[in-house]
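Visitor: So you can see what is in the structure, the chains are spelled out below.
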Amino acid sequence: MTHIQPRPIVLLTDFGQQDAFTGILKGVIAAISPESNVIDLTHGVDPQDILQGAFLLAAACPYFPRGSVFCAIVDPGVGSDRKGICIQTRDYYFVGPDNGLLWKAASENRIKRIIHLTNPAYFLDSVSHTFQGRDIFAPVAAHISKGLEDIARLGKPLKKCVEYSLPDIQRTVDSLGLTIVHIDRFGNVTLNIEGTEFKQFVHNKRFSLAIMGTRINRIVTFYSQALAGELFLIESSSGYMEVALKNANAADRLGVTCRDKCILTVF
Amino acid sequence: MTHIQPRPIVLLTDFGQQDAFTGILKGVIAAISPESNVIDLTHGVDPQDILQGAFLLAAACPYFPRGSVFCAIVDPGVGSDRKGICIQTRDYYFVGPDNGLLWKAASENRIKRIIHLTNPAYFLDSVSHTFQGRDIFAPVAAHISKGLEDIARLGKPLKKCVEYSLPDIQRTVDSLGLTIVHIDRFGNVTLNIEGTEFKQFVHNKRFSLAIMGTRINRIVTFYSQALAGELFLIESSSGYMEVALKNANAADRLGVTCRDKCILTVF
Amino acid sequence: MTHIQPRPIVLLTDFGQQDAFTGILKGVIAAISPESNVIDLTHGVDPQDILQGAFLLAAACPYFPRGSVFCAIVDPGVGSDRKGICIQTRDYYFVGPDNGLLWKAASENRIKRIIHLTNPAYFLDSVSHTFQGRDIFAPVAAHISKGLEDIARLGKPLKKCVEYSLPDIQRTVDSLGLTIVHIDRFGNVTLNIEGTEFKQFVHNKRFSLAIMGTRINRIVTFYSQALAGELFLIESSSGYMEVALKNANAADRLGVTCRDKCILTVF
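Residue numbers (my numbering), protein chains in the order written: chain A, 6 to 272; chain B, 6 to 272; chain C, 6 to 272.
Read the hints as simulated data drawn from the structure, not as lab findings. Just to be clear, a hint being listed does not mean it is correct.
For chains that are exact copies, the list does not tell them apart, and a pair is met inside one copy or across any two.
[Unchecked claim] 20 Å max Cα-Cα, derived EDC-like pairs, lysine to aspartate or glutamate:
1. Lys151 <-> Glu40
2. Lys210 <-> Asp257
3. Lys165 <-> Asp54
4. Lys165 <-> Glu240
5. Lys151 <-> Asp86
6. Lys117 <-> Asp86
7. Lys161 <-> Asp54
8. Lys161 <-> Asp179
9. Lys151 <-> Glu168
10. Lys117 <-> Glu202
11. Lys88 <-> Asp103
12. Lys251 <-> Asp103
13. Lys251 <-> Glu235
Computed from a predicted model, the values in this text were never measured in an experiment.
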């Protein structure tokens, strides 16, 4: 029997860093598959914010190697009858709660199979109602990492799972109603519109973004191109448009939070 | 000579994430035992809070594989004459200061030997008075991980070490005086009573938990079972009872902090 | 061909933990060099604070094994014409922006070569203007880790790079004007003077450190030696002098922040 390099396991959760939750996930994985490379994507999703988790997961996915097993846990419904699922896509495996968290990332990578996790042979011996990341998702991810070839063994096939996308853009001929989907550590404010769509919409016209009583009409290519104190738009590294402020925190300056709305007008 | 897989090293500290302390521990370990799998249990213990560190260490331990080496550092007495110790238990090794931090986890896993770390052959060349995690505990953990078979070589055997348990429960016939031992990222408030003891005490009677002027008399099995805005009790994933609030922060709502008291009454 | 253990990759950034940035770096590395040991030195450098990043990098470096590849990113000028560089020193490789971040650590380890990163064969296929950590620095570090022997292949040799040191000490015969260069999680306040220089200057005289209206004239060897509530000086584990407060937060007590000034007088 040849030695197979285990698939990397990538963790995304809303567990933060102050507790033992993420450490326990890693302990469970190490006990099942000691040689797996476990990578923290982030544990800083705002508590129970499925939208933000889905956005970060989808943005980061394409940078991970083929075969990666994403174990993603933002799970306000833990212990209820919400399902646990594994989605196999063209390049990846996704394990987590069936609450929409996995949808954007998985559907962008072509979904091949969805399995409802019902086979306790791949869980911890005892499954709690409060921490199924530990009891179900981490063990399942560890078994896939270790070499489980046929994920059908994890449970029953599902025709579909909960779908959940970024908030819709509200469109008129000369305006777009946008939503803030993420604010990063630097205070950059990410909107639910990709750079390509933004450029198509604005084209050669002038634009104005109205956000919390402030109007922004400048766009730059890189951060340090802007003037000090000047709010501007930029295509962020995730491909989405963001509002930023050179060497300072745009979100604090604007007083905005996730899910706040703004309006882009062309004229 | 056959190749032996190094034992995993598990880190728990109060170092936080903003400084270089945890990175330096990992550098020291990589220099001694480059192939060790180093797992962050948590670095978010409140500064110098031995009680909280002991609680999290004991809660997480059982999920790690046999042979794991726990390097735990919450060390207000660093540089004084407090000892550095290694405790070998049935399944694990614990390395850290002799201030009670290791006691709960180690004693729950049956202690076999306690060694006072006095052999500088296993330390860094120069030992400071301010960062013995770097100079003593990480190097010792790395040597154990790498395959040190007889921990007696690390120093002198001790008959006992500093014991330190969760605060006692104050008992009367129809009430229990309880203490908050941890507040997690979600604002869930963990009490010093395990689910099994809680159930025995309450049995078929009605109960009321008086905490900061609020009375709680509801218990649920999983979080989303509760009503919005309703404080409730639940057996947490650590096995201890906690006060929680559906999709919100119970600790903020109650205005409590670690070590605050509350009273459980049955009637 | 024999199997070569990849060089460890050590990450230092100002990305924090709440976003996907650090996870994406690790995904990129895993895709290029799956067996590399990736170590987080810290991601908690204050946003765009090159001084603090340079200080932490230099303090931690000597504890990492020879051959380590430091990928350090605090990069306010990303996307502008600031260069990306790789510095090879006696023991290490440093990869990051040419803005001074790498200078202190690299120059303390004897610089052998500096290469301007211009060869896109070692970058991601598409290079953005906003996240060159992902597109350039992580891929380059992964290639070095994997075994790139001649870093000249990464680009063009440079005679020098941007130098950047700690703030200068202002000297008179009986006083030193000092600067705060770091405040750690415990509230310990690090000054830009090493323990050896402090001792030479104070020698057998009495001293007084004037900092934000407070005078400190006590020095101790280890933290718990001090009295409760008493501010004191101590040689920190980085070798620099720091102001601390036993079991409490000196920075909060003093109301100081990074880059604040203070004066040390002998008499």
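Visitor: Now look at each hint and say whether the structure bears it out.
Guide: Hint check results:
1. Lys151 <-> Glu40: both (8 Å within a copy, 15 Å between copies)
2. Lys210 <-> Asp257: neither (29 Å within a copy, 48 Å between copies)
3. Lys165 <-> Asp54: neither (22 Å within a copy, 47 Å between copies)
4. Lys165 <-> Glu240: neither (33 Å within a copy, 33 Å between copies)
5. Lys151 <-> Asp86: Neither: 28 Å inside a copy, 45 Å across copies.
6. Lys117 <-> Asp86: Intra 24 Å, inter 44 Å, cutoff 20 Å: neither.
7. Lys161 <-> Asp54: Answer is neither: 28 Å inside a copy and 46 Å across each miss the 20 Å cutoff.
8. Lys161 <-> Asp179: So Lys161 and Asp179 fail the 20 Å test inside a copy (48 Å) and across (49 Å) alike.
9. Lys151 <-> Glu168: The answer is neither: 29 Å in one copy and 40 Å across copies each exceed 20 Å.
10. Lys117 <-> Glu202: Intra 28 Å, inter 47 Å, cutoff 20 Å: neither.
11. Lys88 <-> Asp103: within (5 Å within a copy, 45 Å between copies)
12. Lys251 <-> Asp103: Intra 39 Å, inter 19 Å, cutoff 20 Å: inter-copy only.
13. Lys251 <-> Glu235: Classified as within: same-chain Cα gap 7 Å, cross-chain 40 Å, threshold 20 Å.
This entry does not satisfy hints 2, 3, 4, 5, 6, 7, 8, 9 and 10, going by the numbered hints stated previously.
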